[in-house]
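Peer 1: Sequence:
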Amino acid sequence: MHVLLTNDDGPPNEIASPYIRFLVDAIGKYTDWDLSIVVPDVQRSWIGKAHFAGKELTASFIYPNQNSNVFHGPFPLPNNKKHSDLKEWALIDGTPASCADIGIHHLYQEKGPVDLVISGPNVGKNATASYILSSGTIGAALEGAIHSKKAIGISYGYITRDVPDEVLEKAAEISVKLVKYLYENWGTKEGQKVDLYSINIPLVETLLEKERTKIFYTPILQNRWVSIFKNDDAHIGKSEDIDIVDATASNKIQFKWAPDFDYVHRSIRESTTLNDGKVLDDGNISVTPLRASFDDIATNAEIKLDI
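For the sequence shown, the positions run 0 to 306 when numbering that gives the first Met the number 0 is used.
If you are wondering where the hints come from, they were derived from the structure by calculation, not from laboratory data.
None of the values given here were measured: they were computed from a predicted structure.
One thing to keep in mind: the hints can contain errors.
[As the list claims (entries may be wrong)] Under the rule of at most 30 Å between Cα atoms (straight-line distance), these lysine-lysine pairs were calculated in the DSS-like manner: (1) 176 with 86; (2) 148 with 54; (3) 110 with 176; (4) 192 with 48; (5) 148 with 86; (6) 54 with 251; (7) 86 with 110; (8) 179 with 209.
Use the sequences and the hints to build the structure in full.
Peer 2: Structure representation (structure tokens):
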């Protein structure tokens, strides 16, 4: 079984991408999958299923050390003869969706067709509409689904960035077991058409207690955002006070990145029905079956307009 792994957090990194190596290790430990890894060369979070239209993309290759986020490379071409004892990762200077496309159609073709695309594990949850609609992790899984591949996005909801290794190892083990279950039972409910799944796993120590964690199929909480930017008033000057010749870079209208995450969290706390956000906040695992499409409202009628 040929599995493509991608993400939106990029190559192993203690800050931006600390979780993926644990998943790679778990795949090696608990499966016999033929794993190909194609990820962005830098973090590409919050980018959805975007592509950089018109941009030529370049691959490079790294070889991470065992049990470490340190790697050899990047090299412009595969260098696996020199690093034959280490797993090869391909880096693409593009988006998560582009990594999925290139991993499916262009790299590692000698392994045969990709059977499953896994995207993640994301650093942070992708539960509720506010998060999932912007997610590069889910975007890469959507790209896989659009290319007629089974695809699963995995996201880890954290309370603190300081997560013990044993919790990350357990989360990775659960991820692999759950992915195997979903792949083997894909859309088995009568009449269910599933293109991809979104999994959210909480990084909490109760994962280590077998009887404490439950897994639920859940719908997405249909919440809404407020602005994710803040007006940077300190950098706004009046035009009549600015010398056109000597104007500095500070004399601009700028907007700081400032998502109101608590606004989203309040919507989860105030919700009263079963949903992905509430299940995750309760310390359990959510699984959401998805279609790779916008949810159109069936309206079959002619619009009569004097045009």
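Peer 1: Taking the hints in turn, state whether each one holds.
Peer 2: Here's how the hints hold up against the structure:
Distance restraint check for residue 176 and residue 86: the Cα-Cα separation of roughly 21 Å lies within the 30 Å cut-off, and the hinted pair is therefore satisfied. For the hint linking residue 148 to residue 54, the alpha-carbon distance of about 25 Å falls within 30 Å, and the restraint holds. The straight-line distance between the Cα atoms of residue 110 and residue 176 is roughly 23 Å, inside the 30 Å bound, and the hint therefore holds. Between residue 192 and residue 48 the alpha-carbon distance is near 21 Å, which keeps this suggested pair within the 30 Å criterion.
Proximity of residue 148 to residue 86 is assessed by CA-CA distance (about 24 Å); at most 30 Å being required, the pair is judged to hold. For the suggested pair residue 54 and residue 251, the alpha carbons sit about 29 Å apart, so the restraint of at most 30 Å is met. Between residue 86 and residue 110 the alpha-carbon distance is near 15 Å, which keeps this suggested pair within the 30 Å criterion. About 18 Å separates the Cα atoms of residue 179 and residue 209, which keeps this hinted pair within 30 Å; it holds.
Of the numbered hints given earlier, the model fails none.
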